[in-house]
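J.: So the protein lines, in turn, are chains A and B. The first sequence begins at 1 in the numbering used here and counts up by one. The second sequence begins at 1 in the numbering used here and counts up by one.
Bear in mind the hints are in silico, worked out from the structure with no lab data behind them. All the given hints hold, so there is nothing to weed out.
Only pairs whose alpha carbons sit at most 30 angstroms apart, straight line, appear in this in silico DSBU-like list of lysine-lysine:
| no. | chain 1 | residue 1 | chain 2 | residue 2 |
| --- | --- | --- | --- | --- |
| 1 | A | 188 | B | 60 |
| 2 | A | 610 | A | 646 |
| 3 | A | 247 | B | 9 |
Which stretches of chain B does chain A cover? Using the computed rule of at least three CB atoms under 8 angstroms from a CB of chain A, they are:
| no. | stretch |
| --- | --- |
| 4 | 92-101 |
| 5 | 112-121 |
| 6 | 151-160 |
| 7 | 169-179 |
| 8 | 184-190 |
Label pairs and their calculated CB-CB ranges:
| no. | chain 1 | residue 1 | chain 2 | residue 2 | range |
| --- | --- | --- | --- | --- | --- |
| 9 | A | 101 | B | 15 | 48 to 56 angstroms |
| 10 | A | 65 | B | 11 | 30 to 38 angstroms |
| 11 | A | 280 | B | 70 | 24 to 32 angstroms |
| 12 | B | 7 | A | 58 | 34 to 42 angstroms |
Just so we're clear, the structure is a prediction, and the values are computed from it rather than from any experiment. Note that beta-carbon positions come from the ideal geometry of N, C-alpha and C, so glycine has one too.
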Amino acid sequence: MEQNNRNIRKEIDEKLNDEVLRGALARFAEAYPIARAKAYENVEDVDALRDSVREMKQATVDNIEKVADDFEAAVVQRGGKFFRAQDGQAVNNYLIDLCQEKGVKKIVKSKSMASEEIHLNQVLEDAGLQVKETDLGEWIISLAHQKPSHMVMPAIHLNKEQIASYFSDELEQDIEPDIAFMVQAARKALRNEFLEADMGISGANFGIAENGAIGLVENEGNARLTTTAPRIHVVIIGYEKLIPTIKDAVPILRTLPRNATGQLLTSYMSMISGPTPILVKQDGKWVEQEKEVYVILLDNGRLEIAKDEKFKQIYQCVRCASCLNVCPIYTLVGGHVYGHIYSGGIGALLTAFFSGMDDFDKINQLCIGCRKCTEICPGKIPIPDLITELRARKVAEKGLPFAARSIFAVMSNRKLFHALLRAGSIGQKPLQDGALIRHLPLFLAGLTKDRSLPAVANKPFRDMVHRVTKEITKPTKRVAFFSGCSIDFVYPETGESVYKVLQDLDIEVVFPLDQSCCGKPIIGVGDYETTRKIAKKNIEAFEAVNPEYIITACPTCTETWHETYVELFKDDQVWKPRAEKLAHITREFSSFVAEEYQKAGRLMITSGGKKVTLHDSCHTKRGLGIYKEPRQLLAATPGYELVEMKDSDKCCGMAGAFGVLNNALSMPILKQKVSNIKESGAEVVAVTCSSCRMQIKGGLDKQAPHIEAKHLADILAENIKD
Amino acid sequence: MNKVCTNWKAHFPTEKVGLEYYEEFAGRAQNVSAEVFRVKNPIEAQEIMANLIKFTNASKIVAVDGPLQDAANITEHIKSLGVEIYTEQNDIAEHAESSDIGISAAEFGIAETGSVVTDAMDIAGRLVSMLSTIHVVFMQSANVVAGIEQAFEIISEVYHRGYISFITGPSRTADIERVLTIGCHGPSRLVIIAVDEESGGGVN
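When you get a sec, could you build the whole thing from the sequences and use the hints?
T.: Written out as structure tokens, the structure is:
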């Protein structure tokens, strides 16, 4: 635990104003997805490959003590020394003693995030040892006295001019900012360090229990030199890097370089098992000896993770850092705001366990929940879900803040909640608690200082139901509509459109009036008890009308019905089957309608008309896997012509109330979205989520008022006569 | 010579190692800036070495033994060109750092990635592959597998202990402004000489 007095907002503002950083990250964010896609061109089934990473790692973590014992035995059997370190202090003490015993004065290091996690360099230097980082990026960072801002590209935040000035200071000569020249200067400066060092310290990308080998994946060749030249080799490896067999390295090696740097394989991949020969100069003659090998297996919170049913998924990480590369927040502000060594979404999780919840607290808001990371993660780690879970655990431990408790008490009482909504008396007072607002339906976030929010509609949808309900003489289906708070109280006209479209298909639609908020905002802050209460009310309300399907026009509500309710009642014999039954019949509007249109022969592509482009909401595309169906519908809508925009599935920056709370971060993301919409030539942007609609409309009003933002249901309803 | 395995070839599954993977291997190796020469017999390698020495003005070479290098009579040929060459372990330790070219051999190649797999247990072999400016690696063109998976089928059979390195192109970095720069801590050129004629395996 460190920076307890951090002013995170100030740090973010500084990064947003750092032109060098912003430029570098923007170029990288642009180039990365292309490079990654190209690297996977010769992989037949990427998804199956990622599954093999996940399954292998899952099987390992479930058996971690055994795998660790086997790894230790294999290392010791081959003549290596083995040390299990409970924490950083243990590693540091062990190494200082070892250096003293072995007369070590000079140390070279190849990349080891674990050593940075425990501040090893500082400790060794304080003990009078000379320590040189040899990975070029890490060396630059050490010269700059900074922390890495990216796990794979530590110095991505610096430009060549800045680096040249650090080089000039270190090498005591004027170094021109010429990249090729600087690389050569580093090579020259560090070559002697390798040859003169007494000890080489490396990390490991994997450790194989079968034969005690470690694997090192690198491009520069410094890891090979670090593990070859000095007479002593120290490996610092975390439990999460262990794998059972030699063949288990395959899925890691097929994904790690492709995901990390867009390479099929890095220049070097070395595996080292047991002591290897070394040449030592004695009295002017070279003598072959066995290298001394010390393997340090680091815990520092890792075993606690392994035992946790949910968080053990962190073990599926191969440290490729691709979750940073696609993160809309990381690519805006870089890694330093995450405060510790590990950055991005996975970094926030690792920091929580390695460094403490207080450090996590500062940064947990930096996850926008868009799930771009999960989509490309080699181990398929649901990073945003784990961050949400961590927030929830904190609530379970420390309780909710007062403001949250009182508003949740209101929300669990539907009549009171709705009465207050109608009176517009919730949301008028700014709520100060960030964690709370983050998860509230947008209009409850209050009048925050940077932006006014949409007003609660004069008449909620529930009051219009009787007017929009049509008598269907021979209904083909009977469905119940779950509106969610946004459609009910802010966009009732979209509810009307949903009715129109469904009734036009001769579907009878009912609206159980006892329905309330889905509960997502509440579970988002970790209040399971209140969510269960609300869930039961909703389940009862929908069971009472016995529909064939429950239709929602909000992806988040859909997910809540699909997953959250079932999860909430997983230990409840009575409610679990009830939740499951309804989860099974809950359908998102656009995919349901596309299916019905298909059956009715109505998915014929039309041509001409207004250009419309689709913004893929994070929750619709990555939460529900729905992205084809809305396009089919738009392509088939008379009067519209579907065009695509760049990065249609990139988050709009709103994410519930994130955009309101974190205006400074949200605005650049929105600006990019609006510019992509403009470039597409579209006159209308279609959305399937009310939160996205609000954000995009807000951006369009300022930057391109001629373009409209509409819910897909509203577009479909335009062609239906009353 | 220290080795992870004294006879890798005995562990090649015949249906999974062959010349049919060579073209893809060579293409992918070239994509990552390796220079690939395919020769019919080992003697043809002499001319490639001679040209390399000529165009780089190489004056000092370190080399480890191997059946392909021996069949090419490469040491004698280099000596005949009047270039310093060291092949003894102690001499390699002394001279590798200041050498222009290092010569060693690989056990097999991987088509999926354009990599060569080297048995790097031997310290001299490792030094010549990492300290010289140019690394020349000999291999049999028929010793190529389709992918990393097949490579590990072989490795898991033979790997009890020791040092194995996959080498994929020259040393590189992109740590400054993400600009790809060749030749960081390791060799700035990787020259692969793939020999068609059978010479009894990669290294031994």
